Amino acid sequence: MALLEVKDLYVSYGYIEALHGASMNVEEGKITALIGSNGAGKTTLINAISGLLKSKGSIVFNGEPLPTSSNQIVKKGVIQVPEGRRIFAGLTVEENLRLGAFSVKGGDVKADIQRQYEIFPRLGERKFQDAGTLSGGEQQMLAISRALMSRPKLLMLDEPSLGLAPIVVNDVFQIIRNIKEQGTTVLLVEQNANKSLAICDYCYVLENGNIVKEGTGKDLLSDPDISSAYLGKRKE
Amino acid sequence: MTSSGLSSHQHKINMWLQLLINGICLGAVYALIAVGFAIVFSVLKFSNFAHGGMISACAFMGYFFQARFKTAPPIWVTIIVTALCGVVFALFLDMIAYKSIRKHKSPNIYYFLASLTISIIITSILNVFFSKNPLAFPMIFKTTTFSVGSLKVSKMDTMILVISVVILVALMFLINKTKIGLAMRAVAINPDTSKLMGINSSLILVMIFSIAGSLAGVSGVLLGCKYGVYPDLGQTMMVKGFIASVIGGLGSLGGAIAAAFLLGIIEMFWTFLFGSLSTPVMTFVVMLLFLFVRPQGISGKFAKEKV
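Chain order of the listed sequences is A and B.
Quick note on numbering: the first sequence equals residues 1 to 236 in our numbering.
Quick note on numbering: the second sequence equals residues 1 to 307 in our numbering.
Think of the hints as simulated: they come from the structure by calculation, not from any bench.
Nothing here was measured: the structure is a model prediction, and the numbers come from that model.
Among the hints, erroneous ones may be present.
Just so you have them, the derived chain B footprint on chain A, three or more residues with Cβ under 8 Å [as the list claims (entries may be wrong)]:
no. : segment
1   : 43–55
2   : 74–87
3   : 90–100
Virtual Cβ for every residue (Gly too), placed ideally from N, Cα, C.
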């Protein structure tokens with residue numbers, strides 16, 4: 001049984017249906033990628049799982065239907081790192097981290113913050129700085145670190161490489177790999193198909209609100225349709 | 001000659017000090033109103049004009065609570081009861097007006113319109129039942145002033161100052177030092193992202209309205225004690241709180257408090273020097289000047305909003 005099972009998920013914005021019955025599984029302890037172009041419905045899908053959008057269909061987590069209100073979903077351990085990072089500008093780095101731990105009952109928040117500073121020393125150096133003054137890469141680190149503060153069972157990242165310098169993108173993907181090795185299940189939503197396919201265990205391709213393809217990263221990398229549409233390689 | 005010169009000099013200093021003290025006391029009341037305003041603005045980005053109507057309504061509730069007893073209960077009992085009334089009242093308004101706006105995710109302009117309408121309705125209803133002649137709260141103190149050196153300080157003003165400062169300190173502590181306060185600040189920045197932190201954003205909004213309601217309750221009683229209770233009390237005083245929250249930087253609690261004290265002090269001095277008739281003109285001119293020169297207000301927070 002997969003950790004997260006999404007079945008026949010429909011999401012509409014008013015009269016416009018954005019997701020037409022998408023189904024996908026996220027296996028425990030693995031990195032599952034969801035790739036697709038702009039407007040394919042990736043963010044819609046992830047926001048529906050997080051409870052930010054109303055959806056029809058079933059979302060089962062750990063064998064139980066996922067609650068519908070977002071704060072309950074977070075309590076279950078399903079955490080999203082939103083697109084565009086969405087750190088709280090105006091609050092300090094440390095306050096952002098404390099917010100990440102909002103849903104954690106008990107536990108030593110201070111020790112958890114200290115652990116994050118060990119993983120991301122840059123954040124430790126800037127803990128009392130306004131998070132809005134961080135660079136794009138640092139903000140992405142903060143957003144991921146903030147999500148880890150909630151001790152997630154499933155970490156969903158929405159376009160973590162968006163708008164970052166290539167060298168920083170490599171760092172981000174390395175971090176995602178590390179997170180998986182620590183035992184956290186990852187759902188990675190990306191436009192950067194090349195890099196996502198390289199690190200994921202399994203991948204779904206979303207097009208116009210439908211899952212059109214799935215397979216292991218390796219399989220899809222060698223798939224001619226995928227390489228022409230997403231990897232910029234010509235069909236032979 | 002020198003001795004009489006000195007004493008008139010001393011007399012002048014006393015006068016200014018007296019004005020300063022009165023200004024600070026006045027500022028304290030403004031601060032309570034301004035904070036009630038600012039706390040709602042910080043989260044929902046609209047000026048909650050219903051606050052004025054609530055202040056009037058709460059002042060009447062406080063008055064009738066006091067009047068029910070043959071020997072009036074201590075003022076703090078009345079304040080607590082009225083603050084609770086304010087909370088219930090705020091929750092009621094939230095239920096009948098704001099909840100559906102939230103549910104439909106309507107633009108914030110609807111909050112603004114709803115709050116303005118509510119304020120007018122409340123004041124109109126009060127005007128139906130009560131005259132414009134202020135009802136006086138029962139006297140709390142046997143003598144009205146006490147002396148510090150050669151200064152005379154109003155007991156009532158001092159009480160208002162102390163109560164206001166205690167409440168403001170408690171509120172700032174809640175907002176800046178507690179987990180729930182941090183959640184409030186997060187919701188103020190971005191309600192959707194706050195949901196992703198596991199924060200129940202709607203609940204936080206209701207809490208913010210409740211806090212504003214309780215502040216309206218306390219300000220209602222304090223204003224009632226100072227000026228008497230009449231239907232337009234809240235509307236009149238709300239304008240001062242509104243100006244203070246604009247000068248302070250919309251949505252900034254610290255700024256609103258600082259601006260409110262500043263406004264109280266300026267008003268006192270202006271009234272002394274140029275008479276009370278032109279005071280409202282002056283306060284609005286100050287507000288305009290701020291909008292021209294420093295629209296982000298004293299705190300400068302509003303302009304810093306995310307890019």
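Which numbered hints does this structure break?
none
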